[in-house]
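A.B. asks: If you're matching them up, the sequences are chains A and B in order. Heads up: the first sequence at position 211 corresponds to 211 in my numbering, and the numbers run straight through without jumps. Heads up: the second sequence at position 237 corresponds to 237 in my numbering, and the numbers run straight through without jumps.
Take the hints with a grain of salt, since some may be wrong.
Derived DEER-like restraints, expressed as beta-carbon distance ranges [stated by the list, open to error]:
{"id": "1", "chain 1": "B", "residue 1": "P168", "chain 2": "A", "residue 2": "K121", "range": "48 to 56 Å"}
{"id": "2", "chain 1": "B", "residue 1": "T63", "chain 2": "A", "residue 2": "G139", "range": "38 to 46 Å"}
{"id": "3", "chain 1": "B", "residue 1": "R230", "chain 2": "A", "residue 2": "K121", "range": "58 to 66 Å"}
{"id": "4", "chain 1": "A", "residue 1": "I66", "chain 2": "B", "residue 2": "T63", "range": "54 to 62 Å"}
{"id": "5", "chain 1": "A", "residue 1": "G139", "chain 2": "B", "residue 2": "T134", "range": "31 to 39 Å"}
{"id": "6", "chain 1": "B", "residue 1": "K103", "chain 2": "A", "residue 2": "S182", "range": "49 to 57 Å"}
{"id": "7", "chain 1": "B", "residue 1": "T66", "chain 2": "A", "residue 2": "P120", "range": "22 to 30 Å"}
{"id": "8", "chain 1": "B", "residue 1": "T134", "chain 2": "A", "residue 2": "C77", "range": "49 to 57 Å"}
{"id": "9", "chain 1": "B", "residue 1": "E184", "chain 2": "A", "residue 2": "R57", "range": "42 to 50 Å"}
{"id": "10", "chain 1": "A", "residue 1": "K121", "chain 2": "B", "residue 2": "K185", "range": "30 to 38 Å"}
{"id": "11", "chain 1": "B", "residue 1": "T63", "chain 2": "A", "residue 2": "Q68", "range": "54 to 62 Å"}
{"id": "12", "chain 1": "A", "residue 1": "E65", "chain 2": "B", "residue 2": "D183", "range": "25 to 33 Å"}
{"id": "13", "chain 1": "B", "residue 1": "T63", "chain 2": "A", "residue 2": "Y85", "range": "29 to 37 Å"}
{"id": "14", "chain 1": "A", "residue 1": "K121", "chain 2": "B", "residue 2": "T63", "range": "44 to 52 Å"}
Quick caveat, the hints were computed from the structure, so don't treat them as lab data. Since the model is a prediction, treat every value here as computed from it, not as a measurement. Glycine included, each C-beta is placed from N, C-alpha and C at the ideal position.
Okay, here's what each chain looks like letter by letter:
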Amino acid sequence: MLSAFSPEAWARVWAFRDTFLLGLWTTVSTAVLAILLAFSLGLLFGLFSTGKIRLLRVIARVYVEIIQNTPIVLQLCFMYYALVYAKRSIGIAAAGILALGIYHGAYMAEVIRAGIEAIPKGQFEAAQSQGFSYIQQMGYIILPQSVKVILPPMVNQVVNLIKNTSCLYIIGGADLISQTYSFVTGASTGGAYGPAYIVCGVMFFCVCFPLSRLAGRWEERLKVRDRRAVAAVSSGPIPRRVIRRGQKP
Amino acid sequence: MIRLEHVNKFFGELHVLKDVNLTVAEGEKLVIIGPSGSGKSTTVRCMNFLEEPTSGKVFINGTELTARNKTRVVRENLSMVFQSFNLYPHMSVLRNLTLAPTKLHGKSKAQAEELAYHYLDVVGLRDKAHVYPTTLSGGQQQRIAIARALCAETKIILFDEPTSALDPETIQEVLDVMIRLADEKITMVVVTHEMGFARQVADRVVFMDGGQIIEEGTPEHFFTHPENERVQQFLGKILRN
Numbered sequence: 001m002l003s004a005f006s007p008e009a010w011a012r013v014w015a016f017r018d019t020f021l022l023g024l025w026t027t028v029s030t031a032v033l034a035i036l037l038a039f040s041l042g043l044l045f046g047l048f049s050t051g052k053i054r055l056l057r058v059i060a061r062v063y064v065e066i067i068q069n070t071p072i073v074l075q076l077c078f079m080y081y082a083l084v085y086a087k088r089s090i091g092i093a094a095a096g097i098l099a100l101g102i103y104h105g106a107y108m109a110e111v112i113r114a115g116i117e118a119i120p121k122g123q124f125e126a127a128q129s130q131g132f133s134y135i136q137q138m139g140y141i142i143l144p145q146s147v148k149v150i151l152p153p154m155v156n157q158v159v160n161l162i163k164n165t166s167c168l169y170i171i172g173g174a175d176l177i178s179q180t181y182s183f184v185t186g187a188s189t190g191g192a193y194g195p196a197y198i199v200c201g202v203m204f205f206c207v208c209f210p211l212s213r214l215a216g217r218w219e220e221r222l223k224v225r226d227r228r229a230v231a232a233v234s235s236g237p238i239p240r241r242v243i244r245r246g247q248k249p
Numbered sequence: 001m002i003r004l005e006h007v008n009k010f011f012g013e014l015h016v017l018k019d020v021n022l023t024v025a026e027g028e029k030l031v032i033i034g035p036s037g038s039g040k041s042t043t044v045r046c047m048n049f050l051e052e053p054t055s056g057k058v059f060i061n062g063t064e065l066t067a068r069n070k071t072r073v074v075r076e077n078l079s080m081v082f083q084s085f086n087l088y089p090h091m092s093v094l095r096n097l098t099l100a101p102t103k104l105h106g107k108s109k110a111q112a113e114e115l116a117y118h119y120l121d122v123v124g125l126r127d128k129a130h131v132y133p134t135t136l137s138g139g140q141q142q143r144i145a146i147a148r149a150l151c152a153e154t155k156i157i158l159f160d161e162p163t164s165a166l167d168p169e170t171i172q173e174v175l176d177v178m179i180r181l182a183d184e185k186i187t188m189v190v191v192t193h194e195m196g197f198a199r200q201v202a203d204r205v206v207f208m209d210g211g212q213i214i215e216e217g218t219p220e221h222f223f224t225h226p227e228n229e230r231v232q233q234f235l236g237k238i239l240r241n
């Protein structure tokens, strides 16, 4: 066994850098697809849970409660092993994306529900009184205002999802954690525990930290925007001529 | 234009509208007055189904309003001005005014902006087109809200206590805009405590108390010889100042 911080250990990690980069790539690509799925599910079930149709509200509730009250490792195993036993295996990568997407979708649904519920009732009424359909109300009026409420916890979920790709280890994934583990325990590569886990951690940090910072900045900008008064000259053309509409004063 | 037939509304146990029957003619300016909790606002909110009646029927322009058709019927016939303005805070004033015309009424951006500037002129706030609503005073916000309602070019505009959230100094600027609108063909239903406005603008005044219409008539009749004792009491209190 190599001493944790010996130069040889670092050299070995460097020699096998492709292993780590492959792991990072798997983690990031799995996370991106899972985030898209989680966001879609979150939006759908968030809308269900704030809508007027009772059945959909119940469905959303059941989904959120089941997913939030069982471990993600269980869900991942179920998604993979149960399907393997049922002879309907969908593969490690797909099972991972599905399980992570469904798991974080439940949390995003709650985030979006809270964001919608934070908007004053008068906004819904104004939109309704203009004749906007439910979907239009959400798309044009409610959700754009919810963004600044939704954004911080949403990014939190994205960061958690990226970190949770490490659960893929349990079904034999090729994510960053699994790759790192194989590397440090491998017959021909093993031993460089210290440097390997430091590199792995730095890689996770380099992905997650900028995301958190970016979201913080974006949120600030949105808050400022709502109070901003734009000078009439600075944006948008003013029609040279305004045609009178006959009967109006 | 608007007809309520035997409209009842319950909020839980509370019976807020009791068999309300009311017809508003095309172009009529109807003012609804009465003490708080008398069901005035609920009556107006039933007209565009912000509140669905527990029983009874609402007809708009001959069509019965239902949960299914409300979005379309409301879009084509009704606009509303609220006590709390309810402008969209994430959009500029101009965007507030052009949103419904472009998204719902099939107008191009240029047409909608032309319309918006026209009605901004009507309410005297053309220079505020590019600011955000929260930077404006209450009176200005309400005038923008009126312009937004006008941009839909519907025949009916409902006003639910449009000046109740304003400080006394800005009430008049909003009333002035409404008085000018009253010269138009628009059908106006106005819930208000502004008796001067009612007197000047109303074709007909309706008095509500305890969820019922207890007296209606022309402003002259109403303010000079009200028959109902409850109305006399109310006017006695409110007109003293």
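A.B. asks: The structure should be examined with respect to each hint, and the outcome stated for every one.
C.D. replies: Right, here's what the structure says about each hint:
1. One distance hint, 48 to 56 Å for the beta-carbon pair P168(B) and K121(A), is violated here, with the actual separation near 27 Å.
2. Distance hint for T63(B) and G139(A): a CB-CB separation of about 27 Å, inconsistent with the stated range 38 to 46 Å.
3. Separation of R230(B) from K121(A) is about 31 Å and departs from the stated range, judged on CB atoms against 58 to 66 Å.
4. Evaluation of the 54 to 62 Å hint for I66(A) and T63(B) yields a failure: the beta carbon distance comes to about 44 Å.
5. The hinted window of 31 to 39 Å between G139(A) and T134(B) is violated, with their beta carbons roughly 22 Å apart.
6. For K103(B) and S182(A), the hinted distance range of 49 to 57 Å is satisfied, since their beta carbons lie about 54 Å from each other.
7. Range check, T66(B) to P120(A): about 27 Å between beta-carbon atoms, so the 22 to 30 Å window is met.
8. Checked against the given bound of 49 to 57 Å, the beta carbons of T134(B) and C77(A), roughly 51 Å apart, stay inside it.
9. At roughly 43 Å, the beta carbons of E184(B) and R57(A) sit within the given window of 42 to 50 Å.
10. Judged by the Cβ atoms, the range 30 to 38 Å given for K121(A) and K185(B) holds: they are separated by roughly 32 Å.
11. The supplied range of 54 to 62 Å is broken by T63(B) and Q68(A), whose beta-carbon atoms lie about 45 Å from each other.
12. Take E65(A) and D183(B): their Cβ atoms lie about 59 Å apart, and the range 25 to 33 Å is violated.
13. For the pair T63(B) and Y85(A), the beta carbons lie near 59 Å from each other, so the given range of 29 to 37 Å is not met.
14. At roughly 27 Å, the beta-carbon separation of K121(A) and T63(B) lies outside the given 44 to 52 Å, and the hint is violated.
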